[in-house]
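A.B. asks: Sequence:
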Amino acid sequence: MKRNRAGSVAPIIVGLLVVAVCLDVNVGKTAELEAQGIVEKLIPIGKPTGNGEIVLESLITDPNVRHIAYVVNSAEGMALAVNDMSGRVFEGIGKDSQVFNPTGTRIAYIAVQGKKMAVITNRGAGKAYDAVDTIRFSPDGNHLAYRAMKGRKQFVVLDERKGPSFDGVSKNIGLMFSADSNQFAYVALKANKLVLVVNGRPERECDDIREVVFSPDSKHYAYSARIDKEWFVLRDGKPGPVFDNVGQLTFSPNSWSLAHAAEIKGNWYMVRDAKRYPAGDFAGMPTFSPDSNRFGYGMMKAGVWRFVVEGESSPNWDRLGSLQFSPDSKRHVYTASRGDSWYLSENERIGPAWESIRGYGFSPDGTLLVYAGGKNGKWHMVVDGKIGSAYDDIGMPIFSKDSKRMAFSSRSGAQWRMVTDGKEEAAYDKVEKPVFSEDGRHLVYQVQVDGQWAVVVDGRLTDSRFAGFLKAAPLLFDSSRQFHGLVWKDPGPEFFRLLVEIPE
1 MKRNRAGSVA PIIVGLLVVA VCLDVNVGKT AELEAQGIVE KLIPIGKPTG NGEIVLESLI
61 TDPNVRHIAY VVNSAEGMAL AVNDMSGRVF EGIGKDSQVF NPTGTRIAYI AVQGKKMAVI
121 TNRGAGKAYD AVDTIRFSPD GNHLAYRAMK GRKQFVVLDE RKGPSFDGVS KNIGLMFSAD
181 SNQFAYVALK ANKLVLVVNG RPERECDDIR EVVFSPDSKH YAYSARIDKE WFVLRDGKPG
241 PVFDNVGQLT FSPNSWSLAH AAEIKGNWYM VRDAKRYPAG DFAGMPTFSP DSNRFGYGMM
301 KAGVWRFVVE GESSPNWDRL GSLQFSPDSK RHVYTASRGD SWYLSENERI GPAWESIRGY
361 GFSPDGTLLV YAGGKNGKWH MVVDGKIGSA YDDIGMPIFS KDSKRMAFSS RSGAQWRMVT
421 DGKEEAAYDK VEKPVFSEDG RHLVYQVQVD GQWAVVVDGR LTDSRFAGFL KAAPLLFDSS
481 RQFHGLVWKD PGPEFFRLLV EIPE
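Residue numbering for the sequence shown follows the working numbering, starting at 1 and increasing by one per position.
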């Protein structure tokens, strides 16, 4: 966001300059409150200083819910603040450009100075270009990439090393890291042709490139491409059979198999490792079991929809929902409809009719199958076929790691309650984001009481009240008896890290 020029194009800045923003927090004073043996500590981490105003919509939190970052707007310009430390002032900061890395140890954003832009991190300023956007960190947080422009040429900068120049770099495909962070790819435009660039090496020129995926083990990559009117899938740069259209590229969890949908003369097939599965007017939703040994997909022929699992076709349906395998890969479950009714099928055993089914899933150990079913304006939690109480609204459940405990939010009238291990807890205006401790002994969640927010620990409402939790940040356990969150208070606003200790 550039002052007096809000919403201007992709971000960039003059590269001399910048005071690094430190992510270490100065704890300062804490306020301790005790409620029924529960100890709450509020650690100040940020508030407006001087004449600057916080741009509230710019506020973000790191993945570990320990740090915040936000833009401060003043008469001198804009600066990015991390916790209670503010960085250098620039003419502008790229709208929504600020991003933490996945480990919360680095932050990057785009600064605008004059007619130039640059990426700024807590390690310093990058080189200035005519335009910059699309900041991406690798999954391990150690690598940083972004798209940049100089003159009429676009290129990718990876760890401050400029890549080859192209006529364009695709923003739709984006900048992609493999899961292990060691592979990097993007799609570029070269003289009206598209080319996939993998680890800095351009591959063959194509007329179109639609999908790019890395395998779960990060050792393989695949993409769909068109040359003239022929589509094919390239795996590790080697093209497969030719089709009229392809899509939905999916690797198996063990990375050995690759599946995708393909069209030949109006007929659609599911293709797995070059083997075609039955044709129809549509094929899609390729799904592997967690052990990679089972495979299923959806298809439609002559207006009739089916799931096909291990070559066996399901009954006929009017519409299909989604297909999922159990954690042990022995069960397959899907949702589908006939007329106005939706059903959940487990290994082709079809459950009762519902007007709507809101998601479904298994407990971590795979023993429990849970979903929310809606009928006549009411919602029920269904656990292994047992239909629970009726509510006006319901949230999806969470499980403890050992699968022995389950909790979900429910609403009756205007009041919300957490239902824990089958028992309804106290009513509040809102109930959100339940989380179990690692050992499953404790359940904590956020509640709204008379317009303010608080925390509930094992069914007990604590004393502290807040204006809100930052950016809907969840509560996270640090140990079996301590958790933390990020909150704000008025006036200010002033931001705090909330630490809560649970007694033995």
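Take the hints with a grain of salt, since some may be wrong.
Stated by the list, open to error - What follows is a list of derived Cβ distance ranges for each label pair:
| hint | residue 1 | residue 2 | range |
| --- | --- | --- | --- |
| 1 | V242 | P315 | 33 to 41 Å |
| 2 | P216 | K401 | 36 to 44 Å |
| 3 | G200 | P241 | 37 to 45 Å |
| 4 | N192 | G237 | 20 to 28 Å |
| 5 | K275 | N172 | 38 to 46 Å |
| 6 | G104 | K153 | 15 to 23 Å |
| 7 | T367 | K162 | 52 to 60 Å |
| 8 | E57 | Q452 | 28 to 36 Å |
| 9 | A274 | S313 | 53 to 61 Å |
Claimed, not checked - Derived lysine to aspartate or glutamate pairs resembling EDC-like cross-links, with alpha carbons at most 16 Å apart:
| hint | residue 1 | residue 2 |
| --- | --- | --- |
| 10 | K375 | E346 |
| 11 | K41 | E494 |
| 12 | K471 | E432 |
| 13 | K116 | D140 |
| 14 | K229 | D180 |
| 15 | K171 | D140 |
No wet-lab data here; the hints were simulated from the structure.
Ideal placement from N, C-alpha and C gives every residue a C-beta, glycine not left out.
A.B. asks: For every hint, state whether the structure bears it out.
C.D. replies: Structure-based check of all given hints:
1. Take V242 and P315: their Cβ atoms lie about 34 Å apart, and the range 33 to 41 Å holds.
2. Hint check: P216 to K401, Cβ distance near 22 Å, so the stated range 36 to 44 Å is violated.
3. The hinted range of 37 to 45 Å is not satisfied by G200 and P241, whose Cβ atoms lie roughly 29 Å apart.
4. One distance hint, 20 to 28 Å for the beta-carbon pair N192 and G237, holds here, with the actual separation near 22 Å.
5. For K275 and N172, the Cβ-Cβ distance of about 30 Å falls outside the hinted range of 38 to 46 Å, so the restraint is violated.
6. Roughly 34 Å separates the CB atoms of G104 and K153, a value that falls outside the hinted 15 to 23 Å.
7. Taken as a hint, the range 52 to 60 Å holds for the pair T367 and K162, whose Cβ atoms sit roughly 53 Å apart.
8. The hint said 28 to 36 Å for the Cβ distance between E57 and Q452, and at roughly 22 Å that hint is violated.
9. As the Cβ distance of A274 to S313 is approximately 22 Å, the hint placing it in 53 to 61 Å is violated.
10. At most 16 Å may separate the alpha-carbon atoms for a hinted pair to count; K375 and E346 exceed this at roughly 20 Å.
11. About 15 Å separates the Cα atoms of K41 and E494, which keeps this hinted pair within 16 Å; it holds.
12. With a C-alpha separation of about 13 Å, the suggested pairing of K471 with E432 holds against the 16 Å cut-off.
13. A distance of roughly 30 Å separates the Cα atoms of K116 and D140; the hinted pair therefore is violated under the 16 Å criterion.
14. Restraint check: the Cα-Cα separation between K229 and D180 comes to about 35 Å, which exceeds 16 Å; the hinted pair is violated.
15. Using a Cα cut-off of 16 Å, the hinted pair K171 and D140 is violated, with the two alpha carbons roughly 22 Å apart.
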